[in-house]
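The chain contents come next:
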Amino acid sequence: MAEPVLSLKGLRKNFGGLRVTDDVSLEVRPGEIHAVIGPNGAGKTTLIHQISGFLRPDAGQVFLGRRDVTRLAPEKRAQSGLARSFQITSILPAFTALENVALAVQARSGSSFRFFGKASGEAGLNSAAMAKLEEVGLSERAEVPAGVLSHGEKRALECAIALAMEPKVMLLDEPMAGAGHDEGQRLISLMQRLKAKIPMLLVEHDMDAVFRVADRVSVLVYGRIIATGAPDEIRADRAVREAYLGEEQATGDARHA
Amino acid sequence: MLRSPRLIPILLFALLAAVPLAGLFIRDGYLLSLFTRVMILAIAAISLDLILGFGALVSFGHAAFIGIGAYAMGILASHGQEGLLAGLVMALAASALFALITGAISLRTKGVYFIMITLAFGQMAFYTAASLRAYGGDDGLTVARRSLVFGSRLLENDRVFYYAVLASLIGVYLLCRMIVGSRFGRVLQGAKQNPQRMQAIGFNPYPYQLAAYVIAGMIGGFAGFLLANQTEFVSPAYMSWQRSGELIVMVIMGGIGSLHGAVIGAAAFLLLEEWLSGFTEHWKVIFGPMLVLIVLFMRGGILGFLARISGAKNG
Ligand SMILES: Nc1ncnc2c1ncn2[C@@H]1O[C@H](COP(=O)(O)OP(=O)(O)O)[C@@H](O)[C@H]1O
Ligand SMILES: [Mg+2]
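In the order they appear, the protein sequences are chains A and B. According to our numbering, the first sequence is numbered sequentially starting from 1. According to our numbering, the second sequence is numbered sequentially starting from 1.
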């Protein structure tokens, strides 16, 4: 089997007495979307923070390819090919959509200790950034300040920023949350198109989306992975249904009623 | 009309260039000296705006750099080194070194701690200067004459000095404008808006912020060098915390994050101070609250106010 692009080994994290990550091991392999699902508060975001370096695990390791990055700062992991989105949208609000993406291009193309020459006039940065905006369907909004984009557009912008990093692996923390139906569909087809090139770890609440795009699904409950498998296996798993899906479906039905 | 981003700075510099012409009609060295001072403090305010307006680094010790630049000039001159180049190099080197050391420490902290620690370093510089017995201590140090330009006393002429300061101001403005629009400037502004996002795309804000802090410190030191030349006097009072506070007020009053707003702010501040002190000796009682009101109610400072009234006219 191909070597995983990302692997977690025995990751643990406590907040005071609360165990938020409990011996988590998982892999993301080339060409796959590995989804992590779990109820609110299960520790999904905390897990993403530890993988991307914004939080330090109490124990365990994170590998990018074969490289142990557990002690690396977030920006170093980003430079090594790890891109992430944030559950709470994180963009540069005063910059235009294009500038947001161009800055991510700038990060991996030459020194940024250049004090002269207009960055906004660098054709190389702009054209690469524009291509990514097109990929997520935002090219028409390129000159709009990111802060005034709609919520769904901001989610798409975050994806464009991540893409502009030309990452080896991408972590997406509920990219669909709050996006409209059309925007959600566009994101799903984007992920399907991209996964051959950029494998992903996807944290998502929208079960339909997860079962459609994921190649493998891990279920996280109280910081612990209780099952990993193909979407169909997970759907059929009794422990999972009890712990999570049953409850989701019940509330889902209630909402539809 | 006011929407054109270039127009206001051009207008501003043209006005400043015209000030000495007033001397043709009214014999008034006072006007010349007041506006020389305005421009020197505008240089310092621009440098503060570079880190405050574009980096969100609220330095409460920026006046220390003015003092360091001034003392560098004064101390060298007191040892007979009166050349322009020597003084300038010393002023820039000393302020760069101070910025590098204090910045490297201060930038490890955030928010209100950053304000406090820059204030502390500023006070440290103040008390150090006041304890320099050999250089006048509390009383300060008188400088025999202005820096010599290749041995000549060219700068002794107030009008020549005025235009030299104006050229410096324009040079500093253009330099900062360039920096802000560069790759480096983008990273600095990105780190101001959202440091977490910057890390996620592969930038550690720290070295960029430190570089900006050193650049701003050196420009502040340059302003100090000019101030020592203008007044032919150097004193610890140049770097009191009140002076640092005044620089912040100038930047906010003019319009933060625009660079030329700092020039407007410096002019407004000093002219207002001059005018008020002219008709009552209790002017500080009026000036203080007035500044608070301006800062509180003129959102975006004077520039923001101008943009609003021109917007109201057009729309
Ligand atoms: N910085 C923190 N300090 C203390 N507790 C935290 C912190 N961040 C998250 N938690 C707690 O950890 C648990 C997991 O949170 P999170 O990872 O955000 O879950 P999820 O993303 O799965 O909804 C929650 O109970 C949350 O309250
Ligand atoms: Mg979460």
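Hints were generated in silico from the structure; no laboratory data involved. Built from N, CA and C at the ideal position, the CB exists for glycine as well. Hints are supplied without guarantee of correctness; some may be wrong.
[To be verified] Pair ranges (Cβ atoms, derived):
hint, chain 1, residue 1, chain 2, residue 2, range
1, A, 121, B, 210, 51 to 57 Å
2, B, 210, A, 178, 56 to 62 Å
3, A, 15, B, 277, 38 to 44 Å
4, A, 93, B, 280, 42 to 48 Å
[What the hints assert, rightly or not] Derived list of chain B stretches under chain A, where covered just means 3 residues or more per stretch with a C-beta under 8 Å from a C-beta of chain A:
hint, region
5, 147-159
6, 197-203
Requested in this report: Could you check the structure against the hints above and give me the numbers of any it violates, in ascending order?
Outcome: Numbers 1, 2, 3, 5, in rising order.
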